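Listed below, chain by chain, are the residues.
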Amino acid sequence: MAFGDPMSLFFAVSSTVLSVAVLFYNEWYFEGKERRTFNFLTVGCWVASIGALFAQDWLVFVVFVEVVSLILWRMISFTDTKAALIYLLAQLGAAGLILIGAAGASLEAGTMAVGPVPSEWRWFVLVGLGVKTAFPGVHFWLPKAHSAAPTPASALLSGFAVKLGIYGIARLGTFASSPELLIIGSVMAIFGVLKALMQHDAKRLLAYHTVSQLGYMVAALGVGTLLGLAGALYHALAHALFKGLLFLSVGRLEKFYGTKDLRLLRGSAAWDMPYTFVLFIVGALAISGFPGMSGFASKVMIKEALKEQGMYPVYWVLQAAGVGTVISFCKLGYYGFLSGGKKGAIVGRKEGLAYSRGSFGFLGMVILAAGTVFLGFDPEVTSGFLKISMPGFFGWDNVFSSLLVVSLGVGIFYLVKDFLSSGFRGSVVLDGLWKKIQHVPLAVHFVIVKMHSGRLRFYLTVVVFATLAILLYLAKHWR
Amino acid sequence: MTLVLAVVFPLSCAFLIPLLHLYGGALLRKFLPVMGLGTLALTLAAALSGFNDYALSFFGGWPARLGVVFVVDSLSSIFLILVAFGSGISLLYSYDRMGTGPWRFYVIFFLLQASMNGVLLTGDLFNMFVFYEIFSLTAYLLVSYSLTWQAVEAGLKYLVMGTVGAFFILLGAAYAFIANKTLNMAALAVSLPQIPKATLVVIAACMVVGLSLKAGAFPFHFWLPDAHSSALTAVSALLSGVVIKVSVYALIRISLLFFGDPLPTVFDVITALGVISLLGGHLMAFKQQDIKRLLAYSTVAQIGYIMIGAGMGTAMGIGAALFHSVNHMLMKSGLFMTAGHLAEEMKTRNISHMRGLFAHRKGLVLAFTVLAAAIVGVPPLNGFMSKWYLVMASVEKGNLLAALSLVFGTVISASYYLRVLHAFYAPGDGPKKYKDPRCPLAVAVVLSGCCVVLGLLPFFYPIGDIFAEVGAKALDVKNYVAAVLLQ
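From first to last, the protein sequence lines are chains A and B. Residue numbers are given in the numbering used here: position 159 of the first sequence equals residue 159, and the series is strictly consecutive. Residue numbers are given in the numbering used here: position 470 of the second sequence equals residue 470, and the series is strictly consecutive.
To be clear, the hints were calculated from the coordinates, so they are not data collected in a lab. Since we're looking at a predicted model, the values are computed, not measured. Check before you lean on any hint, since a few could be wrong.
Partial selection, computed: residues in chain A whose CB lies under 7 Å from chain B [unchecked claim]:
#1 V63
#2 E66
#3 L85
#4 L89
#5 L92
#6 A103
#7 L107
#8 H445
#9 V462
#10 V463
#11 T467
#12 I470
#13 L471
#14 A475
#15 H477
Below 27 Å or equal to it, Euclidean Cα-Cα: the simulated BS3-like pairs (lysine-lysine) are [what the hints assert, rightly or not]:
#16 B:K287 to A:K436
#17 B:K478 to B:K197
#18 B:K362 to B:K287
#19 B:K287 to A:K450
#20 A:K82 to B:K287
Now the in silico label distances, taken between C-beta atoms and shown as ranges [as the list claims (entries may be wrong)]:
#21 B:P427 to A:P118: 47 to 55 Å
#22 B:G449 to A:R36: 22 to 30 Å
#23 A:V462 to B:L19: 38 to 46 Å
#24 B:F126 to A:G44: 52 to 60 Å
#25 A:R36 to B:T348: 27 to 35 Å
#26 B:G449 to A:V462: 39 to 47 Å
#27 B:G449 to A:P313: 53 to 61 Å
#28 A:P118 to B:V152: 53 to 61 Å
#29 B:E344 to A:A370: 53 to 61 Å
#30 B:A26 to A:T461: 50 to 58 Å
#31 A:A443 to B:T348: 24 to 32 Å
#32 A:Q56 to B:E469: 19 to 27 Å
#33 A:T461 to B:W149: 21 to 29 Å
We put the beta carbon where it would ideally sit given N, CA and C, even for glycine.
Extracted from the complex, chain A is given alone in its bound form (with noise of 0.2 Å):
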């Protein structure tokens, strides 16, 4: 592996920072028992995304990421026991086929250190990833997993649980361009933007965004250079830090009004809540890639490796996702905190902060804006670290390019925020898939219980039957 443990300890610090700010913000958001059940699980959560990140052997991987998972399923629960049941069986299905990889690699190849995986087990290791890394047709669960999770946990989710997936197809993937990745990718990109579009709810929007930004993850781990590779580590970084920060920033925004739907938000939080404006607006820029934020030099990265090969399809597909993604973060900003103006504004209710459990709250996302800013101005030092050469990320076309990104999309937005403010939602492609899967077992289930009629004279005509095509069977194939 080129970086080796570079690698492991880069997830690792944002998986830290991401901790100490969601156990910040915890003493805000909780109360009394609760919050020391959370900061227990927060805790608990770290500690095993990173004996997860250090693991030697995806067999321990699989382990330490369930440990992840199952205390994921716990925060969810508190808030909607259906969704961290879909989570959760989503998360024990793709372990699985983790584990079914894992099996032939260390059978064909004799290890099953993380690392590569031969041949056809590759896939079974790709899609049980991929799950986790929520793949078009395979994300059914995250929609509904981000946006039913307490704002912690969804943080989290978005921050630390769905990198895993990314770290493990980081460390499977071989030098080797991938097509299969990109494509995935970019579909992941521009689909996550066009249904994060259709939403009213801020968090499920955060939730498809997540979607898309992962797919800036794949498509850059896809094309199998080292810059590419590092695109992707600094995008997770990146991405951990101004999406905890958004989530966050959303969660102050719910518990101050009392709903996220769009629809329902007086659209006056920009002068309830200052600060908090403040800092969302840190993260959006973030995550519109505008020059000085985090997210800015991730993508000039991802974009500068896609350019070295040539793979311009890929290229404009996501600076497509890009001018989405800044559509909806105007939508979400305007209606969430502008619209309404200041005569919206709740006269006399203040943003909290001279107590000290809201500045603690404060404090958290304040350290994740510090790392997004910082790692925004000075992007040498995530390169460095990896051992990148990647000069002139402030070259004036890559300025350029984003600059003009953002400003497409604040125009579009400017031109239909009237057709987006009815929160209208389309058609719902692919999130039924869960409730469609369910159809099957039921239906053989249902055969099933058939069967069990309480008639003696039946069972035994089945043992007869059964015995039948036994013996059958035998006959037919002895050697």
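Assemble chain B onto chain A, guided by the hints.
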């Protein structure tokens, strides 16, 4: 000598209990623990005597070809250990719950214990059938012991189905005898490859069907949910944890000895039955409302796991099946005991009515949680490890269907065990009277502790290799034959 004693001691206990009862209950109360401990010790001694090398015991000094022989190798020794501890736990539980009041119960119990040891020890096919008959009759009686109409009906169903199974076994044994003029299993292992294939196919079909009926594999499982759910709590734990494992042993032993070389397609049949049981059992448990029936269907599914491992016919597969058998004994005994106890206290077996238990029976519910997580296959627990070995074994054999169905089973079982746990942890009225359930709690804690330990141990100590070695020894038919016939 220990081998014979492991059968004779529980047998004589069963005859002594009525006598002791005649002399008054106090005597029985004192002697029952001694009998239980004695059986445990003798079974373990028999197991350990043959763990590394073959231990043999010839009846009346006749050579194996003519007389009856008891053989212990590592395969049967693993199952003897399983039986010793499983029925020990069950005896402890019933002694604590019922005292020595129902003395007839203990008579049947020790008869069952003796016959299970007999099946595991014997090296003679017809002798095995005889022990199987004792074993089945006592199991029928134990199921219907509570004499509620459900229990009687379940016992009757078990009787009819079980007799059909026994006749299949008898038929197989008879054909084997006609074809080879011997009943010794080692001698049969030598001569069966020479008989016409058609005869061998009939013997194989009879044996596989009879034994999987006794083990409760899917299309033959219809007696199992009734029998395991309507019996007393301790009996349910014994039946699900231990009794069906004896049939699993017989299936592994007979299929390896008789059909391993001449008819390898038998293993495909066993694998197929395993996959079908896994899917069918899990899907039946999926929507089950009665908690003990849910656990019983889960047993059908777990038998499927074990049969998948056994059907691989490789050292790794048999090792995984053995490990899963041991784990399933721990998990399912614990689950039946905790759930049965909670259901008795709540006076309902309906899951949606068993609410609010966490507030009132914290220890039992926590132990149940650990055990359920283990049986689902949540990572650091033993169920996960044995499923991992099973996945390894099926991948090694190139049987991806089995591996995928193992994954699918995990997902389904997580969904239904979570349904139970949601009910337990939901707020609601717990049991009215607070009575400290000391013994069930202790048993549940010990069993769940074993689950955690066995789950973590493979990361530090190669348990899988030990079991795979046992599997390799069981596959080594030549060695078995040499040990028995050349003695």
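For this structure, which hints from the list above don't hold up? none
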